[in-house]
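Number of protein chains: 4
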Amino acid sequence: MLGQNQYGKAECRVVKVSREGATHHLKDLNVSVALSGDMTDVHREGSNANVLPTDTVNNTVFAFAQERGIASAEQFGIHLARHFVTSQEAITRARVRIEEYAWQRIETSDDASRFVGADAVRHSFVRAGQEVRTAQVSYDGRGWEVISGLSGLTVLNSTNSEFWGYAKDRYTTLKEAYDRVLATDVHARWRYRWASDGEPVPRWDTAYERTRTHLLQAFAETYSLSLQQTLFQMGARVIDNRQEVDEIRLSLPNKHHFLVDLEPFGLTNASADGAVYYAADRPYGLIEATVLREGATQAIPTDLTSP
Amino acid sequence: MLGQNQYGKAECRVVKVSREGATHHLKDLNVSVALSGDMTDVHREGSNANVLPTDTVNNTVFAFAQERGIASAEQFGIHLARHFVTSQEAITRARVRIEEYAWQRIETSDDASRFVGADAVRHSFVRAGQEVRTAQVSYDGRGWEVISGLSGLTVLNSTNSEFWGYAKDRYTTLKEAYDRVLATDVHARWRYRWASDGEPVPRWDTAYERTRTHLLQAFAETYSLSLQQTLFQMGARVIDNRQEVDEIRLSLPNKHHFLVDLEPFGLTNASADGAVYYAADRPYGLIEATVLREGATQAIPTDLTSP
Amino acid sequence: MLGQNQYGKAECRVVKVSREGATHHLKDLNVSVALSGDMTDVHREGSNANVLPTDTVNNTVFAFAQERGIASAEQFGIHLARHFVTSQEAITRARVRIEEYAWQRIETSDDASRFVGADAVRHSFVRAGQEVRTAQVSYDGRGWEVISGLSGLTVLNSTNSEFWGYAKDRYTTLKEAYDRVLATDVHARWRYRWASDGEPVPRWDTAYERTRTHLLQAFAETYSLSLQQTLFQMGARVIDNRQEVDEIRLSLPNKHHFLVDLEPFGLTNASADGAVYYAADRPYGLIEATVLREGATQAIPTDLTSP
Amino acid sequence: MLGQNQYGKAECRVVKVSREGATHHLKDLNVSVALSGDMTDVHREGSNANVLPTDTVNNTVFAFAQERGIASAEQFGIHLARHFVTSQEAITRARVRIEEYAWQRIETSDDASRFVGADAVRHSFVRAGQEVRTAQVSYDGRGWEVISGLSGLTVLNSTNSEFWGYAKDRYTTLKEAYDRVLATDVHARWRYRWASDGEPVPRWDTAYERTRTHLLQAFAETYSLSLQQTLFQMGARVIDNRQEVDEIRLSLPNKHHFLVDLEPFGLTNASADGAVYYAADRPYGLIEATVLREGATQAIPTDLTSP
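Protein chains in written order, with the numbering used here: chain B, 55 to 361; chain A, 55 to 361; chain L, 55 to 361; chain W, 55 to 361.
Take the hints with a grain of salt, since some may be wrong.
Chain copies aren't distinguished; within one or between two, either way the pair holds.
[Claimed, not checked] Below 25 angstroms or equal to it, Euclidean Cα-Cα: the simulated DSS-like pairs (lysine-lysine) are:
| # | residue 1 | residue 2 |
| --- | --- | --- |
| 1 | K222 | K309 |
| 2 | K70 | K309 |
| 3 | K229 | K309 |
| 4 | K229 | K70 |
To be clear, the hints were calculated from the coordinates, so they are not data collected in a lab.
Here the structure is a predicted model, which is why all the values come from computation and not from measurement.
The whole structure should be built from the sequences, with the hints applied where relevant.
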């Protein structure tokens, strides 16, 4: 018996340059498309009559980048998802996943005109390198689900974090901590309320930037008694401030920074004075939770943000 | 509002050596534990009273490896999951994910006795390096769910693969292929029927080895008209032959090997003669599907095997 | 016969927090130490009498971070290298390699005082994420060699790059390009002239920041007829402007961005209008060269920056 | 001033299928070519007259795979290196680096004939997954240098390893070990004596297989008092047994497996009984050395095998 199935092209690496005279703009995406529908025959008998080749999916990504441009990752995903579902009778559902890589302009030197005959160069970029922005757009011909997010935003508080008063059993040896380093890689996915063509469309880029800022600020401004508490504050800050977001899921590895024992060398190493830490790789704590708007239904899959 | 949440220790790298005289045995696991339960207070107020530290989880993994040994990844996961749910009142659900790395014995030289005073060395190993074996054990105090699998088993057929007769639209440029290379990294997860302590427990290692063999053989022995067909044959072969398995999900990237155009250099490059291919990285097709036993309910999450 | 040999501890992940009241500072290093000297006995007979354990090397890294602080990666490497060579008679040469990860402060919200009782939080950081800064300090008891650098700084020019007039042979099919995207990951290593304790020590952080800026600006401000030309301009800009640097080696992968052929879909895709590119992974061109100050001797190994 | 420079195409992923009736053979290489010569003009002025495009280099790799086949990585590298140096006047030196990935045949099922109409399938492969074989061929128009090797062969001895009697200083806390786990990833590069066309050419595949076996056996059969001793035994075993090899360099990370302290839980954890270890990631010891044949000159660069 054939169960859930999907197919498509993964990791189409499309870069779009737009020019306004000498000023260039850059969009740099990694696009993966998964299509579902009437696919019994191809699985059971190898009949490809209903299968639009994944090579065609790839071509479509590049053609759409030129025909429609890339206003935002989310908008680009909407164009693509609608296209596949509405143009191929056999395809009833499309899911478009996009990673976006940010670029910043290179600030040119005072002597730029000497080198390039212009006061500034407006076509040179350096990759921002911090988090990867993500968007997932799903469409079944009737309704939309847009889950945006970010991966790999690494943050650290060097104080205002404690951990004590926890449950203990036979295997507990951990000492309570009253001033520890708290560090994590933020993996976040948030779901927009927007679900059908009639509703007003969120301003995707603004929503992204503000959500990102709220996550950073809530991390910095929470006096933390546990990473769970910090996580909940981060999620709640987004839900409280961004009306277009109904649900957010956070997956936060506890990137342990252990105070090094320097006593054998006659040295004190106390957090209160500034201290030396060992940044451990594995194992790591892993804290995951969804924060929801009152009345919203949880829809972001647990495994979407899990490592 | 707080939604689904879980926490625990990820990537505990435990290696267990067992000795039978001079003959040693090795188990090499990467264990991740996720616990759920009554965790509202820690998220909302930072009260850790219900939180068994992730450091304790890590200690437990190592202590259990010594106290109970590691009969198999699945059995070890069952011990751990049961322990957390039954010993901590606040914890109502445990999910243990394990990666297992295989090792083979190093065959010693004819002169071994000259070097080590024994005909053979029985404590030397080389890592097998092929697929990673995986196991996921979930327990809620009543029933069990065991999903085993493998990741990263790379296979290639150099013939017996075609792709033609597919749907075409404005963006289709792909040429039909009647003799192509078919290659993929097999990512598989299969769910055992076993769900409660009263039922007979599968022989985990045998089930793993046989399932792996069926996947390889079905890949090799399918004359393929599309990767979907090959996938279904692989899944069906497992369901048909392994009664303890109710469901299997496969995620198969189509690792494209493109016939290189050598005509500009006056060379022919035809599959039928043996040919030269370019092994591409991205983009790649991605084919995912679940194959189920008649009457079984689909339970393996779509995102579990997705990249 | 035993040839060149060295041993030590690699990848000591040391994080140092310094506090000035509520304002914290962060240094985040990955330190690898390689020691050489009179090591014949340990290789031939397993006598460890001359071997300071690598565990001790690790301890020393953490102890020095506390005792002496981390003024810069280079200065920290100098402290360590001098220590091993001068304190262990058997050790005659030390090479310390350091990677440094940059962090920026998180800008706190207007409401910070409501959350943390202060106008701003001065202990919260987000990792910068762009290039990794590197330093390599070598000491043999007499002289110093300091090679600093950076890895993984990704840059792109969306115009002002051409490639034509090249050599052609039987296997040449490439079309000439008069307006192409030029992108690379900058891997640079530069050697300071400073070589002995008597000479004035460079201002390591300033030298790093300025060199980095020159590399970026030279990349942006060069109208490029080949990546080799751009590389040479980048190197020459550093040599011309930073007197403390005698030599620089650059390893620049040509991260190809290919103009997609959209003609089959009735679309034009011309660079001059802004265009759509496919960002390829492999293969890639790789351009490597050393640029030297007149009279300087080449000392940066060819393989240091090679992938 | 322009110093050492080289350019070329990196990571050409060429797969060659050869057919003998229904029996297929597979060669899977990753080829990188670096060319040097009269390249001043392209660096200084952007004149590409002496620059064979890296795209042509890529084409040549694929064309040669068809025209000349791939007898071995080394032989293929010799063909390529000779071609570039002898066919392009401006190019005076070529260095070809190759990674080779091994594949094994999939053993087909007893029922193969039912599925494919043949007793066995001879065109199905599974990637071996252990070490990567490497070859580096350099040619300057007169002489050859061939450095072969392997990367990422992971081995472990669960006993017959001690570490004690080492130097101690103020920062030493390590306890002596009389029965420890010794594990490493073998990175080896060995240089063949063969240097000119008149000399008899080594049997590259045999030499590789035997050298690999000697490395494994020497690792298994050495009672180790330090990893340096094991390294030297591995190198010496190759030099003693393979006359065609003049020099070998080994880079061996000490993949620490720490005995876990289970005393707090009332458990003993002693190596002699079989024990539980924590497999650490970082930091790790790193032992590197060259072993030479009497009279040979050291030529493998120190940085070639360094991480």
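Against the structure, the hints:
1. Taking the shortest alpha-carbon separations for K222 and K309, only the intra-copy value of 22 angstroms comes in at or below 25 angstroms, while the best inter-copy value is 32 angstroms.
2. For the identical chains of this complex, K70 and K309 are inter-copy neighbours only, at 15 angstroms across copies versus 36 angstroms inside a copy, given an alpha-carbon limit of 25 angstroms.
3. Within a single copy, K229 and K309 get their C-alpha atoms as close as 17 angstroms, which meets the 25 angstroms cut-off; across copies the closest is 28 angstroms, which misses it.
4. Taking identical chains as interchangeable, the C-alpha atoms of K229 and K70 lie at most 25 angstroms apart only when they sit on different chains, with a minimum of 21 angstroms there against 53 angstroms within one chain.
When held up to the earlier numbered hints, the structure conflicts with none and fits them all.
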